[in-house]
Each structure stands twice: as C-alpha cells, then as structure tokens.
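2 protein chains.
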Amino acid sequence: MAIQPLLKSLQRRSLHHSLGERSPLPNSSHSEEVLPNCSHQMKERRDRFAWDNILNLVEGAFLFGTNMVNAGNMNGSGNLMDFLDEPFPDVGTYEDFHTIDWLREKSRDTDRHRKITNKSKESIWEFIKSLLDAWSGWVVMLLIGLLAGTLAGVIDLAVDWMTDLKEGVCLSAFWYSHEQCCWTSNEATFEDRDKCPQWQKWSELLVNKSEGASAYILNYFLYILWALLFAFLAVSLVRVFAPYACGSGIPEIKTILSGFIIRGYLGKWTLLIKTVTLVLVVSSGLSLGKEGPLVHVACCCGNFFSSLFSKYSKNEGKRREVLSAAAAAGVSVAFGAPIGGVLFSLEEVSYYFPLKTLWRSFFAALVAAFTLRSINPFGNSRLVLFYVEYHTPWYMAELFPFILLGVFGGLWGTLFIRCNIAWCRRRKTTRLGKYPVLEVIAVTAITAIIAYPNPYTRRSTSELISELFNDCGALESSQLCDYINDPNMTRPVDDIPDRPAGIGVYMAMWQLALALVFKIIITIFTFGMKIPSGLFIPSMAVGAIAGRIVGIGVEQLAYHHHDWIIFRNWCRPGADCVTPGLYAMVGAAACLGGVTRMTVSLVVIMFELTGGLEYIVPLMAAAVTSKWVADAFGKEGIYEAHIHLNGYPFLDVKDEFTHRTLATDVMRPRRGEAPLSVLTQDSMTVEDVETLIKETDYNGFPVVVSKDSERLIGFAQRRELILAIKNARQRQDGVVSNSVIYFTEEPPEVPANSPHPLKLRRILNLSPFTVTDHTPMETVVDIFRKLGLRQCLVTRSGRLLGIITKKDVLRHMAQMANQDPESIMFN
Amino acid sequence: MAIQPLLKSLQRRSLHHSLGERSPLPNSSHSEEVLPNCSHQMKERRDRFAWDNILNLVEGAFLFGTNMVNAGNMNGSGNLMDFLDEPFPDVGTYEDFHTIDWLREKSRDTDRHRKITNKSKESIWEFIKSLLDAWSGWVVMLLIGLLAGTLAGVIDLAVDWMTDLKEGVCLSAFWYSHEQCCWTSNEATFEDRDKCPQWQKWSELLVNKSEGASAYILNYFLYILWALLFAFLAVSLVRVFAPYACGSGIPEIKTILSGFIIRGYLGKWTLLIKTVTLVLVVSSGLSLGKEGPLVHVACCCGNFFSSLFSKYSKNEGKRREVLSAAAAAGVSVAFGAPIGGVLFSLEEVSYYFPLKTLWRSFFAALVAAFTLRSINPFGNSRLVLFYVEYHTPWYMAELFPFILLGVFGGLWGTLFIRCNIAWCRRRKTTRLGKYPVLEVIAVTAITAIIAYPNPYTRRSTSELISELFNDCGALESSQLCDYINDPNMTRPVDDIPDRPAGIGVYMAMWQLALALVFKIIITIFTFGMKIPSGLFIPSMAVGAIAGRIVGIGVEQLAYHHHDWIIFRNWCRPGADCVTPGLYAMVGAAACLGGVTRMTVSLVVIMFELTGGLEYIVPLMAAAVTSKWVADAFGKEGIYEAHIHLNGYPFLDVKDEFTHRTLATDVMRPRRGEAPLSVLTQDSMTVEDVETLIKETDYNGFPVVVSKDSERLIGFAQRRELILAIKNARQRQDGVVSNSVIYFTEEPPEVPANSPHPLKLRRILNLSPFTVTDHTPMETVVDIFRKLGLRQCLVTRSGRLLGIITKKDVLRHMAQMANQDPESIMFN
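Here the protein sequences line up with chains A and B, keeping their order. Residues in the first sequence are numbered from 844 upward in steps of one, following the working numbering. Residues in the second sequence are numbered from 844 upward in steps of one, following the working numbering.
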C-alpha cells in the first residue's frame, strides 16, 4: 500500500515516455502556472516526489502490520478474475487536479461490499474480516477524533506558552505559560493572580527593570523580535516542506469534498507542517485564528487514517465521507461545539453527506471534543473556547441594536471579501507574489509594532474575545469593568445593577475603537499570505469589539436616560438591564456570518458557547440580517470567493441556476466546431485510436455503432484506453498497430491474415449518462450536482450530438453570471 | 384559489364521464380496499367532497384579500401565451395517490421565478410584488411557528386540565387543573402543594368522603367513566369528520414528503379534528403520546399556510419544503428542542432537504418554541418538556449498565415493531378492523381498570417520565426518593451522598416493575387504533422505568458494596456516585432509538433536555447499542414498517441497494410480455390515441419516431394527453377522430381532404430521463432517489427498449429483499 505511490509514479513516467513525452494531463500547463494562491511551489513539490517516496518506503515497513487485512482483500479480488480480465495497475484511479466520478465510485464500493458479503459466508475467518470491514468506519472515526483532539490540545498549549514567551519567561519552569507559572506559584494571590515572582518579563530578566521607559522599549523590541522570528520560521517551513499548508484550507477542502483531486493537500507532511506553523503564526500575534486551519489539520488526520483501510483508501468517494466527518471533528475541537461542528460540515463544507455520515461525524466530533477536554488546555475543564454565562434576559427593544450589529457584520463581510480578493488577485498577478517571505515579515512587523502599545491588541485575539464576551461580575478586574460602584451596595452578587462607567471604561472604549480600525485593515492583508491563517477569530474579534462598544453605549444611555420612552418600559433605575457582553457576542456572530455566510451552524456554535436557548433569538436576528445585507452586495462568501479566484471546479449546491438555456447551448462541439471525436465499436485500429489520443486531450471518448449512424454504445475513459492498449501491446501476442479494436461482444469479421483484433469491451462504460438536447440546463446542473457526474452525453432521438463536461457546466454558469468563463481552470 | 377545488372536481367528473366511466386512477380499486390502517373511510370522504367544497366556497370569500397577489400572478402568466399555447385547467397537477415528479416541479418553480424576476424590472409595483414573493417563504415559516406553538400550548393546557378532571375538579374555577388550582390557592403550603381545599376529588364533591373504600371505588369508577367518555368522543370525531386524523401521522408524512399525494391528509379538517381528539385521547389515559401527532398537526398548519401563497400552493415540490420545516416545528414544540427538531426533520422525516430549508426550518422551529414558551403551559418558564439537572458526573464503569439499557432498548424496539405490525396486519385483514369504536372502548377500559390502582400508571405518562428523570434532591417528596437519611447530615444540599433505600423505594420498584409490564403490553395494542396516537412518550416511559429500576439497583449495589472491585475506584462511601435519574434518561433514549431508529436527532433532543454535553456519551452509547441490536433483527423502524404495511411507494434514502441486477432485469415489458405501448410522432390519429388510452392504464406513453425505428423523441403524460385531446375537440375546429396527432415541429404531409391535424408538441416532455439497459440497478435506484423521478425510459444504442417506474423499482427492491412485491400498491 504505502509502496504503491512510488510504483505508480514510476509507471506514470514510463507511460508519458511511451506517448512521446506528452503529458496526459489535459491542463497540465495550468497546474504549474496558476495554482492556488498559496501553491506556487507545485513544481518544487514534484521534484521532491522521490524524497516523499523514500519516506513512504520507510513508513511502509511500519504500516505493514496494519495492512494485513488490506493485502488479503487485494489478493482475494485478484483471484476472482481470469487472465484477460485482470485489472491493469492504476485502473480506477484519477489524475491529479481532476474530478472524480461519484456514481462510479459508489458502484465500485457496492461491488466491493458485495464481494465481501459473499465471501463472508465461506468461512469464519472471512466472516470476521467482513465484520472488521463493517466496523472500520467507526474505528476510523474514533482514531480521527482522538488525533484531532490531541493535536488541538497540543496546539492550544503550545500557543499559550509561545504567546507568553514574547513577553517573558517562567523561571521555575520555562515551558510554563504565564498563567500556569503563577498558578503553580504559592506567592500569587487571587486578586493579583497575574503577578508572581517566578514570571519575569524580559526586561526584568535581562536588565532587572520592570518599569520605566527603557524597560518598556526593551520589552517592545523583544516582542517584535519574537514575532518576526516565529513568522519567519513559519513561512520558511511552509515554503520548504509543505506549500499546501498555507491558508485556511477550507476553500480547498470544499473543492476536494466536492470530488476534486489535489494530491498531497491532505498529506502527512501537510499535517505535520501545518500543525507546527499554526502554533508559530498564532503565537506571532498576527491577525489570524487557528479555527480554519484546525479543520484542515483534522481533514489531514482523516486522510491519514482512511489510507490505513482499503475500504477508504481505494475509493475516492468513501474517502470523502471520512473527510466530511473529519471536518466536523475539526470545528468541534476549534470551538468545543460538536453539534455545531457537524452542522458546519453539513452546511458549509460537505458535498455528499449521507445520513450514515451524519451519525459518524457526530461520533468523531464528540470523541474529538472529549479528547480535547481530557487534555484540558484551558485549565478550566470547559469544553468550549469562550464560555460565558449571562444573568440578565434580553429585552425586545434591544433587537434594534442587535439588528444594527447585523447590518455592520454584513457590511464588514462584504468589504472584507472585496478588499481581500482584490489584494489576493494583485498578489497572484503582480510581482508581489514572488516575495512571500518578505510579505509575511513585513506584515508581522507592522502588526507587532502597532499592536504592542494597545493592551487590547497586544494579547492574543482569543483572550481579547473572551474578555469582550464576559459579563462584568463582582470579581472582574478588567479595565472594561471599571464602573463607579454605588457605595451603598457591597454584596458581591452576580446581578449587579447598571452603573455609570468609570474612567477605565472610557479609556477602554478609545483603545477598542483603535483596535477595531487596526484589526479591520490588517486582516485584509493577513488572510491569504503563505502561512496557515484562519478567519474565524479575526472576524469574531472585529464583531466583538464593535458589539462591546455598542453594548456599553446602550448601557450608559439606558443608565443616564431611564425616562426615555424606549427605556422606560424595561429598564428601571437600579436594574441590571443591559449586558454589554451579549452585544459583543451578537456582533461576533454577525461579522462571522457576514464573512462566511454560515447560518444554522453559526447560531448553533454560538448556542453551544452560551449553553442556553435564551440568547438564540438575538444571535439569529443578527445572523439573518448580516447574511441578507451581505448577500445584497454579492452572494459569495469568502470561501466561495477564494474557490473562484483559484479556478477550482466547484459546483456549489447553494447557487440556483435560473436561466433558460438548454443542453444544446452548452454542449461541445458548438456549431461550426470540428465534430465530436468518437470511437466506433468495431472499425478502428489500434493506430487510429492512438492517433486520436495523441491529437486530442479529452478525458474520454464516446463509442458509437458507426460514424454514420452515430448511435451511442458507451463511453471509454482516455486513461483506461491508454493503459489497456499499452498492456495489450506488451502482454497479448498479435496485437500490433493494425489490429482492429472492438467493443462489441463478438469480434468483427476481419479479412484473413489481418492481425489479431483487440477486445476492449471491459473498459467500456456501458451505461454512460445521457440527456436530450432539449433538456433545460437547470436540470442538467441539478443532475451534475446530485449525481456528481464528470460528463454527460447529449443525444437527440437516439443519435449522439455532443458532450457536456463539468467544466462546460461551470463555464456556462460563469458566463450566465457575467463572469469570465476562463476562470474555471481544471477539469 | 379556494374555489378551484370545486371546479376541479366537477371537471374531473365530467372527464371521467367522457371516457366512459373508467376511472383514470390506475389502481383506484386499491384505494378503496386497502388504504392505510386508519383510512378505511376513504369512500366516505369522497362522498363528503361536495360538503368540503361548500366550505371551501365560504372560505373563498374570507381568503379573497390574501389572494390578491396570487391572482395577479395567475393573470400575468396567462397573458404571456397566445391562444393555442394557453394552458388547460388542471395541467401540472397530480391525481390523488400518485407520485409527483420532482424534476418537473423544480423546473416549473424556476420558470415562475424567472417570470417574476423579469417582470420585476418593469415597474415598482412588480418589484414590490417580487420582493413579497421572495419573502413569502419566511412569512409562511413565521405563521407556521406561531400557529404550531399556539396549538401545542393549547393542547398542553387542555390535556392538563382534562387529565385532572378524571380525578376531581377545582371549585374556585372549574377550568383550572389540579396544580393551577392549588397554585392560586393561598392555603396550600410548599410541602403540601398538591393539597388545597379548592381542589376536590369526585368522591369529596359527590359523597363528601375523601378516604375509605367507598370513596376509592367511586373515584375509580368515575376515572374509568371519564376515560371511556373521552376515548369514545375521540374515536367518533375521527370516524365522522376526519378519518385521516388517526395514528401518529409520521409514516404518511414521510411518504408525502417523499413526493406522494394524499389529498386531505394535511387538510383543515384533519388539523381541527386531530387537535381536538389528541387532547381527548391523551387525557383518557391511554398509553400514547402527543409528540408524533403534534408533527402531523404542525404539517397541517404548514399545508394550510402554504395554500395561501401561490408559490407553494401551486407547486407540490415547494410545498414539501414548507412541510419539512413544519415537521421540525412540530418536534420543536413537542419536546422544546428546536435544534433536535430540525435534525429530526432532516434525519427521519424529510426527503428533499436543501440548505435553504435547513435555515428556514430552524427559524420555524425557534418561533414555535418561543411561542410555546410565552404561553408557558407548564408554568415554569421552561421550554423543554422534561427539564433535568444532575449534579454528579458519570463514571466509566457505568457505561456497562448504560450499554445493557441500550440492549434492552433494542430488544424492546424489535419486539414492539414485530408485535405491533402483526396486530395491525390482523386488524386490516380480519373482522377486527370493522369495529374500530369498540376496539378503542375496550382498550381504554382495560387501560383505565389496570392503570388506576398503580400510582405510576394512574398519572399522565409525561409526569411519570418527568419524575423518573429527576434526581432526588433534598426537597423531593416523591416515593422514589424515600431514602434512609443519615441523621448526622442536615443541610439540604444538592450533592446528597448515596444512601440506603427506604421502604418507599422498594415499594416503588415493585410498582414500577408492574407498570413496565403493563406499558409494554398495552402499547402494542394501542398504537395503530383509529385515534391519534404517538409513540414517543410510551417508548420513553418503558425505557425510563427500566432505566430507573436499573439505576436504583446499581446505586444500592454501590452503596452496600463499596469494596467491590468495580466500585472501589470511583465510589467511595459518602459520595454521591450514582444518579438513578440519568439511568432513566439513558433507558428512555435507548427505547426510543430502538423503536424509531433515530440517532443524531435523538441524542440532540436528549441533549437539549439536559442542556449539558456532559451526559451525551452515555446517551450516545445507549442509542448506538440500541440501534445496532435492533438492526440485527431487522432494519426497519416502526415508521418504515407501517409504510410497508400500508403499501406506500416510499423509496427510503437509508436503504442500500447492493444487488447486481441491471436495468434490463427490471424494465417493463419483460421478455414475453406485449410490447411497450408507444405513440409515434406523426402517424397516429386521435382515435388511435384514445383507444390506446382506453385500453391501458399507464400514466404516460413514450413517443418514438416510428414503430420500426423506435428512436425516442419524448414522453407524454396520460393525464395531459386526455386533457389536451378533450380541449382540442371542444375548441379547435376540424379536429375529429381521424385527425392525425403530430408531435413534430412541422405538421406531417397528409393527403388532401383529410381532416385538420392536431399538434401536441406542447404537452410532450422533450427531455425524458433515459438509462441504458446495462445500467446497474443500484445506479437506477440512486437516480430515482436523488432526482425524484416518476419513471425512466430504458434504451439500447438509441433504441427504446422499455420503461421503469418508481413502482417497478420498489417492487424489484422488495423482491430482492425476499418480500412480497405486490405489497407496493400505489404509483
């Protein structure tokens, strides 16, 4: 199994040779030029192929034990066929950057399943093997959950430590973060739980000064230095070892799940490098989050474990079921929200999501969440990233500011998507893209320089969000809770009435406003750089800051103007009526919704954070408003926009195709073009077919009765034709260039002395998908989406007229939406 | 709009007449004989058709205002076409008990949408209309949520009152339930909150005695009398006014959502009668719940509101989107679990569930839940039906009893499904089914007689479940919490250590065991009677009783044997280690899972009840075990079993078809059968076609170039052929029996003096769905499922060979699963 890639790549190379150095990849030129904004290094990757394979070989030995069952299955299936029907190696696999055929994958899996069921009746051992096969799905889910949870825990711990390393070090144990350091110290009191002698700022350690301008400048300088070091390490690692580890990964995962092949995108190197660099970039203080990349990391885990079981490794369709579940596990550990994770996978990421996958995804998400909790990286036994508890209900009148926050979220989402896409396009097309390391260094430097002086941008973004979400309890020491206390009220209860804001709150408001502007601008330039970068946390931060500002504003307005008609009914003096933390949460949901256009999953994730249905209505109002406002300016979320930017062949299930075109308008050949390249069932020679293959770059050829009648018999894949002819020339005696290829049951009558004919019915797909030329395109689009086709043949009264590929459909859709149809790049 | 049904039915009748009294319903004989186990009254319904229509007419005036927009749309679409292309009335609708064509519905909706979009550019008014149309989906959801929530609240209040009415009456206000009566009374103390002078048992009121044998017997007698009265009223109402109101409704709703037409099943009468009778039967104390019927009630609301908007009323596909959301709202109010409701609709009920529906369902579910909460029928501001809060975590060793409960749930599920289906089959086939009223009376009498002496069966089942779920707090006065207190411990804390069970607990165990046996047996006979009856609550009750018994057992074992190796690690003396309430909840989930085979939605509903992720693992372990155990004995859940029993054409998305048959094995005509009835494109006369229609009962006919070439042109629906010919004969001059019907663009060359030909290209479906004869059946099944086809034509190299209908597919699947293929009854 693990040795196979090497064999395959060797075979592929020799194959290219035999066809005169012509690459069988139709658009292979594309893949080297214009790959995903973070995949310029494609060519390098290819060069490192051999190096990968050596690693694979080493690993092969390690995996040997695990693969016993697979090997058994492989031998078993081989024995069933006679010599002529023996499959050539590589049949049934796909080229890189090609689309899979879902129907074919599904039917291959049913065949496999049928074989196992039949064999299971033969002996006890076979029965046990069939049971193992049936259970392997659950085993894979368990393993994914365990690994994804562990990795998330490790990342959380490492980020905590390294973020604090920028400011100082723990003398008692250097691997302790600030909080852990003072937690284990006996000298810290509860009030001053951040201060303990073991934790020393760099200035204290180096020049023995904790206050004063020089200490501040030293700390500032070291903060920037650490940030630059982390960022440089990250971008270098990504460039050198795993170019695919950059970005959030969600656009590519969406494309892969929809049935596209990007080899290595979910590989082991990507997993390793992405995990390491994610820690580095988050610690460097850049305006990015770890949530999106965690989904990528979880999918890499899913891909790794599915490669251990032949059920999944040999079937691209089944593998994608595992990946869908892995994506759910990723979100589950990112937020501690297993149900939200499953819904996120269902709503946002997945393409083919049968109910069986739903149940397994839920299992994987739960295992991952509980693994993370048992690692307990936040030290509070909480599952969720931002645990909040509010004590006050919300009032109907507050819906107005909530909806305003929704509008803000929608506007910000639109602005962000437009600016970010424009910047990424510029990066792709101009010389800017040639210096990714320099770009990262520059953005990191700017971020660190601007962020340090402002306490709200200096700390890590998730801490910031956490503080903004919090309600001001009696024990809260934050500057945001610096209210003027009523001297008559002493008891430290949760239900503190609204109070006038103190100087600290006003101070914080200014700092937050500056932080808001800074975050809004810097995030546009950060997302899309050649480092792992998630968008959830920065979006939520922008929303949370805006929300908290609005919340404090409403609170103070209600306190000072109890008698206004809008407050009179629900906010009496001395009551705790406005919770600014709730506004922050609503704002975060609105901004996240505006950028990603998530709906149900967003609300459910937020619901799992608060744990009460109470606040679902505000969240929902904001999410709906934000989606509507953002949709008014453009239907695409950030992930779809990046998919389009990269030209992936992604057929979105959410887009509605409402134009009145017919299949005949889309099919190739168009009027005036050369006729369709077809094979005939019993009159073409090997040489004819080889010439056709050489002269065209189509992925397959329809087979017709004869060129005159054009009645369709079936469809032959280019890849399998090439392999079959090569195989026959090598192994079958008498097959020469003049041999007639026939696809019929019986050989055609050939004149005596002519060479031995070659039967290729076996590689013929006898049930190609057809539609008539009058079929409305909306139906065709529906069929492509729901059945996951690669191509579809067009007929009129039984005669073959043309072909529609997925790329044709996507191009047509782009054209109808007044976009550049040439933006779709891959098949 | 509302007047149309009358017109339609008149037209339909005259149409039948013109065809010589032959019903166009292919299997019309079935529909009168063997309808759903609660639909024998089919014939009665037909007779009452006119009566319905009069009501419709009256309502027409009422709805006039609402329908302004619709009327506008209708006129608009009419104007676009010239005279010849004018649609005949009734085109595009379906017969009762027929399957819809999803692809056609979808493309009709796209047409409508396109028209509105084009017109919206013409004037401001049209633009506003297009906005209204776009928003109508949300308006419908809002209305459904409001009405479903209100109805659920009213049902809860009425059930509360009427259940208590069986025992006594409130003197201060007879419409108060026991709890409300004593709540408003000043004389009740907190400890004795059930006792107040205003609430009088019947014996106190009638003979002034509250204790003693005679009072007991009087109360017993009146309890039975009330129960019988309620049950008799319910069954009579159902029989006379709305035969479809019986059962849980979920099997039929699943079938309807999969694209089947059962007229009147979601009608206004059904809504009204089901709501009223649901209150009656739940109050009568029968072993049934209101949760399933609430889904039916919510779907009736959905159907009612969708009939107000032409977007939904005129499109069976769009209407089903609304119904899916309504089902979610139904579960949402049944349990107070909006997310669980959406997942239930997704997992269990719905067939076609686009993401847009997900979001809207969620909205409807939330509105319904909050409407219910603002009615506050339980008087505790809680949304959920069984609110529980546990204070103790669970331990790994407890997984063993949890899994045991899962096994119990699976076994019970299997047993229940087998026995219930056997009994329902007997009811259908023997004379038993002829006396539904008597049956209900008998079962009610038996239930009441056995239930009264046992306090756990006397009270309403939901109260019982609620008590079983509860943890024994310090203030709990229930018999189940009669533990022997440690005299040294006085403070009333939540975290009470495990204690030895008192006499009350042992007493309760015996009573619960009896209740368990009783519930298990009586539920088998109750579910399927001609009254509204849900299965969730009885299943949960069985599981909760079993779970509580196991829970108390484990608790006492752990208390008395702290030193056993299995307890030693986690259950020290004096600790609160076992929560029997949690066992009850796990048992309830296991039994519900065993009967319905729900998975994710079950766990999520239970999660929403407890509100903490803490207990998801036990619930999930039990649900998984229960599903696996039950699936080992048969894959069908109770709803699928009832669908099969009734012969509905339901193509389950969950079934996997793994056999190796080809389309050619399934298509009609089979080898040896008469050739396929086809139309030719330009050589058949009106008379030929009429004869063909008369002699066959197919739903449609393929149109070929000529009988010799058999190359497929398109497909004509029987219904539309009949309407078109009738219309042409009436309106078009020169169309006589000898007129040639042509489907080509140009009229065929006919000899001079021959009658005027009739062009019917307009009713021809030019893009019929085709597969080749070599297509594997698994692919065909997949296509039928995913695209929602009614039929599919089979070709070989462009020549028409046969046809496969949905019924053929279902029959083939039944045959492959060794079931009776004749059990599928409808098209």
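Heads up, a few of these hints could be off.
For identical chains, the list gives no copy identity; a pair is met inside one copy or between any two copies.
Unchecked claim - 25 Å max Cα-Cα, derived BS3-like pairs, lysine-lysine: (1) K1537 to K1602; (2) K1161 to K1478; (3) K1569 to K1044; (4) K1550 to K1478; (5) K962 to K1602; (6) K1478 to K964; (7) K1629 to K964.
These aren't lab readings, by the way, just hints derived from the structure by calculation. Computed from a prediction, not measured in an experiment: that's the story for all the values here.
Structure-based check of all given hints:
1. K1537 to K1602: within (21 Å within a copy, 49 Å between copies)
2. K1161 to K1478: For K1161 and K1478, only the inter-copy Cα distance (22 Å) is at most 25 Å; the intra-copy one is 31 Å.
3. K1569 to K1044: neither (69 Å within a copy, 93 Å between copies)
4. K1550 to K1478: Result: close neither inside a copy nor across copies, 45 Å intra and 50 Å inter.
5. K962 to K1602: This pair counts as neither: shortest intra-copy Cα distance 30 Å, inter-copy 58 Å.
6. K1478 to K964: between (54 Å within a copy, 20 Å between copies)
7. K1629 to K964: neither (35 Å within a copy, 32 Å between copies)
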